[in-house]
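Enquirer: As a plain string of letters, each chain reads:
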Amino acid sequence: MAEDSIYKHLKSEGVSRRRFLEMCGLLAGAAGLTYAAPLAASGLPASLAAAGADPANTVADALKKKPRLPVIWMEFQDCAGCTEAITRSQSPTLTDLVLNKISIDYHETLFAAAGHQAEQNREAMMKKYHGKYVLVVEGSIPTGEGAKYCTVGGRTAEDLLKETAEGAAAIIATGNCASFGGIPKANPNPTNAKGVWEIIKDKPIVNIPGCPAIPEATTGTIAHFLIFGALPELDKLNRPKVFYGQTIHDRCLRRPFYEAGKFANSFDDKGARLGWCLYKLGCKGPTTYNACASIKWDEGLSFPVQSGHPCLGCSEPNFWDGGGFYQGQSAPLNRPTITALGAAVGAGAVAGVGMAASNKMKKNRAHRGSGENKNES
Amino acid sequence: MDWSEILRFARGPLFQIALLVFVAGMVFRLIRILLLGWSKDRVPNKGSKFGGVVKTYLKGLIILPFIPWVKNTFSRNPIVYLAGFVFHLGLFAVIFLGTAHMLVWKSLLGFGWATLPTPIIDWLAAVTIIAIIALAINRIVNPVLRKISGVPEWLNLIFVLIPFITGYMMYHHLWFEYNLLFSLHMFSVDWLLVWIPMSRLSHFMFYFFSRTIHGAQFGKRAVTP
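Line order of the protein sequences matches chains Z and R.
To get the working numbering, take the position in the first sequence, counting from 1, and add 1.
To get the working numbering, take the position in the second sequence, counting from 1, and add 522.
Isolated chain R, as found in the complex (with noise of 0.2 Å):
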C-alpha cells in the first residue's frame, strides 16, 4: 500500500464518516442543551434580558479584546489573554481564510470566498503553532493550571496541535513525503472531527449559548434563586 492510496482513503471515505460523526455528535449536543430547559422568573426583573445579552456581546467579543487590560483575564494572567487570543485568531484565519481550506468549505457549500495571500496565513498558522506550545507551557508552570488540568485537557491541546504541525509541514514540503504529509494532516483532522463533540472543543458552539445565558441573567437585575 502506497501513501497515495492510504490519501485517497483518508480523503474521502474516512472525511466523510468523521463528518458525519462531528454532525452526529454535535446535533446530539445542542439537543441535550436545549432540551435542558430555560430557568424560569421566579422574581419581575428590573433590567432587559435582550439588553443584557447585547451587551454581553458587544463588550466580550468586539469591545473588551481589544482593550484587554481592563479584563480580570488579562491582568491575572497575560499569557493564557494573548496566547489564546493568537491562537483563536490565526485558528479561524487558516480555516476560514486559507486558500486550500476554503477549497474545502467550497467543495462542501457549494460556494466559495476570497481568501488571504498564502504567506499571510503560512506566518499565522507558525504563529498559532507557538501559541498553543506557550500554552501548553503555561498549563505546566501554571500550579492552578497545572491542578485543573486532567487527561483531557492535554489531548485537547494535543489534537489541535497536530493538525496545525502536518499542515504546515506539508505546505512548506519539509521533510517528508508530501502524500505522507497530506495522508497525515487527514488522519489528524478526521480525527479532531470525531473528537470535537466528544470533548470541551465543542465549546466553538456552546460558547455562545453560555454566553448568552449569562447576558440574560446579567441584564435581568434580579433575584435569582
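Looking at chain Z on its own, in the form it has when it is part of the complex (with noise of 0.2 Å):
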C-alpha cells in the first residue's frame, strides 16, 4: 500500500478530485509557493519550474505520482511542546494532509504503541524506506559525558539519533532545542546539549526553530519535501528562507511606533495600552528571524507582540543566553561585577601613582644634577 500514490491513497479514501486540488492549493501555500517557488533549485523538469507555474498544479502533479512519504519523530531532550504545537495547528486539512497521509510510522507522544514494540516497529520502517523516510528531530541531544541524562529503551539520545539519521533521505529539526540545542544547552549546559547539525553532518538537514517551531513552517518544510522531494532554499543557518527570511521586527504590526518613537514604558502603563512598540521592555524583533508576525498563532489569530508580549528571540542561536527578557535589546548583555570594576580601577590607580612616582624621581635627581639654575618648580 505504501508504493501507491497519495493520489491513489486519497482517493480510496472517497477524497473527490475538487477536495484533492483544494488540498494542493493548501499544501502550495503552507510550502511558501505563492513566494517565488525555488523550483530551479529542486531538481522539477524545466516544464514545472518555467515562470507562471500554478503551485497548485505543481503540487498536484508530484502527489499524483508520488508514494506517501514516511516520517519518523524522534523526541530527545524536549517538552514536545513543537509537537503540541503540531496538534493544535489550527489548519485540520493540513494537520491531516501531513499527519495521516504523510505517514508518520514512529513519534514518540502520538502513537498508541508503547515499549520494544514501538521500538521494533521503528526499526523495521527504517529497513523498509532506507534512505527513503524523513527524519524530524525534537528536542535537543546531549552528548558526551552527558549523553547518559536522555536514553529511550536503555540507548542514549546520540546512539538513537545516529542510528535514525544514517538511513534518512532528509533530516528537519523543529524546534530550537534540535536546532540550535534550546534551553537544555543555555548556561552551564550540564547536559553538554547539542543541536542535530552539530553532531550529524553528513546528510541534509533542515532548521526549523523556535519555542516551540510555528507549526505551519515544520509541516510547510515536510509538504515541500514531499512536493519536490528536496529541501527549500535555506539560510545561512539552515532555516527555510521562506520562512525565516524576515524578521519579526520587519513584519511587526508595531513598527511605525518604533520608527516614531513611541514605546511603552511598563507592561501597564499608556503606551502599553495604546498597543506602542515593545522595545524598551526588551523585545527582540529586529535580530530575530522568523514568521511570528506573518503567520501567526492560532489561524492567524495573533502573536506575542501583537499580545503584549515582547519577542523573546526564541528561533535564534542560544536566545536563552542573550540578555534578560525585558532588557533593551541595546543592553550590553551584563554588567561588569563590582570586583571586576574595582581591580580596574584599582589597577589604573597603582599604574598612575607608580607612574607619577617615577617621574617626580626623574624630576628631583634633575634637578640635583642641573644645580641651583632652575626657575620653574
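By construction, these hints were calculated from the structure, which means they are not laboratory data.
A quick note: this is a predicted structure, and the numbers were derived from the prediction, not measured.
Beta carbons are placed, not taken as given, at the ideal position from N, Cα and C, and that holds for glycine.
Treat the hints with caution; some may be incorrect.
Claimed, not checked - Below 27 Å or equal to it, Euclidean Cα-Cα: the simulated DSSO-like pairs (lysine-lysine) are:
id : chain 1 : residue 1 : chain 2 : residue 2
1  : Z       : K67       : Z       : K9
2  : R       : K562      : Z       : K263
3  : R       : K562      : Z       : K363
Claimed, not checked - Per label pair, the in silico range of CB-to-CB distance:
id : chain 1 : residue 1 : chain 2 : residue 2 : range
4  : Z       : A81       : R       : F698      : 36 to 46 Å
5  : R       : W645      : Z       : L275      : 22 to 32 Å
6  : Z       : G116      : R       : F633      : 52 to 62 Å
7  : R       : F531      : Z       : A125      : 41 to 51 Å
8  : R       : F618      : Z       : K149      : 46 to 56 Å
Taking the hints as your guide, dock the two standalone chains into a single complex.
Expert: Here's what the structure looks like:
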C-alpha cells in the first residue's frame, strides 16, 4: 500500500478531485510556493519550473505520482511543545494531510504502541524505507559525558539519532532545542546538549527553530520535501528562507510606533494599552528571524508581540543566554561586577601612582643634577 | 559563525573588557593629572581664584556659546565653532537622550530617565555626522589646521565617526543585515572605549580640569611665574 501514490490513496478514502486540488492549493501555500518558488533548485523538470506554473498544479502533479512520505519523529531533550503546537495547529486539513497522509511511522508522543513493540516498529520502518524516510527531530541531544541524561529504551539519544539519521533522506530539526540546543543548552549546559546539525554532518538538515516552532513552518517544510523531494532554500543557519527570511521587526504591526519613537515603558502604562512598541521592554524582534509576525499563531489570530509581550528571540541560537528577556536589546549582555570594576580602578590607580612617583624621582634627580639654575617648579 | 554569535560577543565579553579598560585607563590618566600637583601662589592674589573659576564656567559654557560672535574662536573660524558646537550637542543628545542608549545606561547604573522622541535623535545624529565630515574637510582645507594635524587627530575623527555611521545605518536598517550593523556598531564602540583614555578624546573629562585651572589663574590677578 505504501507504494500507492498519494492521490490514489486519497481517492480510495473518498476524497473528490475538487477536494484534492483544494488540498494541493493549501499545501502549496504551506510550503510557501506562492512566494517565488525555488523550482529551479528543486530539480523538477523545466516545464514545471517555468515562470507562471501554478503552484497548486505543481503540487497536484507531485502528489499524483509520489507514494506517501514515511516520517520518523524522534523526541530527545524536549518538552513535546513542538508536537503540541503541530497537533493544535488550526488548519485541520493541513494537519490531516501531513500527519495522516504522509504517514508518521514513529512518534513517541502520538502513537499508541509502547516499549519494545514501538522500538521494533521503528527499526522495521527504517529497514523498509531505508534512504527514503524523513527524520524529524524534536529536542536537543546530550552528548559526551552528558549522553546518559537522555535515553530511550536503554539507549542514549546520541546513539539513536546517529542510527536513525543513517538511513534518512533528510532531517528536519523542529524547535530551537533540536536546531541549536535550545533551553537544555543554556548556560551552564549540564548535559552538554547540542543541536542535530552539530552531530550529524553528512545529511541534508533543515532547522525549524522556535519555541515552539511555528507548526506551519514544520508542516510546510515537510510538504515541500514531499512535493519536490528536496529541501527548500535555506539561510546560513539552515532555516527555510520562506519562513525565516525576515525578522519579526520587519513585519511587526507595532513597527510604526518604533519609527515614531513611541514606546511602552511598562506592561500596564498608557503606551502598553495603546499598543506602542515594546523595544524598551526587551523586544528581540530586530534580530529575530521568524514568521510569527506574518503567519502568526492560532489560525492567524495573534502572536506574542501583538498580544503585548516582547519577542524573546526564540528562533535564534542561544536565545536563552541572549540577555534579560525584559532588558532592552541595546543594553550590554551583562554588567561588570563590582569586583571587576574595583580591579580596573585599582589597576589604573596603581599604574598612575607608580608613573607619577617614577616621574617625580626623575625630576628630582634632574634638579639635583642641574644645580640651582632652575626657575620653574 | 554567524552574525548573531558575533553580536553576542561584541555586546557581551568584548564590551565588558572595553569598559574595564576604559575605567582603568581613565583612572590612570586622572591620577597622573592629580599628582602633577597644583602650583603654589608665590605672590599675594589681588582677585579670587574661586571667582575666576565660576566666571570662566559661566562665560565659557553657559553664556558665550549662545552669543558666539563675541568669541575669538567664532570670528576667526566660524566653521570649527559651529560644526564643533553641533557635533558636541548631537553627541550628548544621542548618547544620553536616545532611547536605545539610555537603556545601556540603565543597565549599567540601575536607573533610567526620559528620552527624546526617536525622530529628533535621528535628525540630530544625521546633523552630527555632517558636522564631523565638515570638521574633517576643514582640517584638510585650512592650512594651519592641516599643518598641526597628525595621525592621532585623524584617528580621533574616524573613531568617533564610525559608531555614528553604523548606528545610523542600523537604526534605519540600511543595506545590510541588522545583526551585522549592530555588531559593527558594538565593535566600533568597544574600540572607542579603549581608544578614549589613550587619546585626546579624554578631554571629555580633562576639559574641566583645564577650565578650572585657567579660571583660577585668570581670577588670581597676580603675577604668575
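Enquirer: If a hint holds in the structure, say so; if it does not, say that too.
Expert: Each hint tested on the structure:
At roughly 10 Å between alpha-carbon atoms, K67(Z) and K9(Z) fall within 27 Å of each other, so this suggested pair holds. A hinted pair counts as satisfied when its Cα atoms are at most 27 Å apart, and K562(R) with K263(Z) does not qualify at roughly 56 Å. With a C-alpha separation of about 21 Å, the suggested pairing of K562(R) with K363(Z) holds against the 27 Å cut-off. A81(Z) and F698(R) have their C-beta atoms about 38 Å apart, which keeps the hinted 36 to 46 Å range intact.
The hinted range of 22 to 32 Å is satisfied by W645(R) and L275(Z), whose Cβ atoms lie roughly 24 Å apart. Take G116(Z) and F633(R): their Cβ atoms lie about 58 Å apart, and the range 52 to 62 Å holds. Checked against the hint of 41 to 51 Å, the C-beta distance between F531(R) and A125(Z) comes to roughly 47 Å, which is consistent with it. Restraint check, F618(R) to K149(Z): a C-beta distance of roughly 53 Å satisfies the suggested window 46 to 56 Å.
Checked against the numbered hints above, the structure violates only hint 2.
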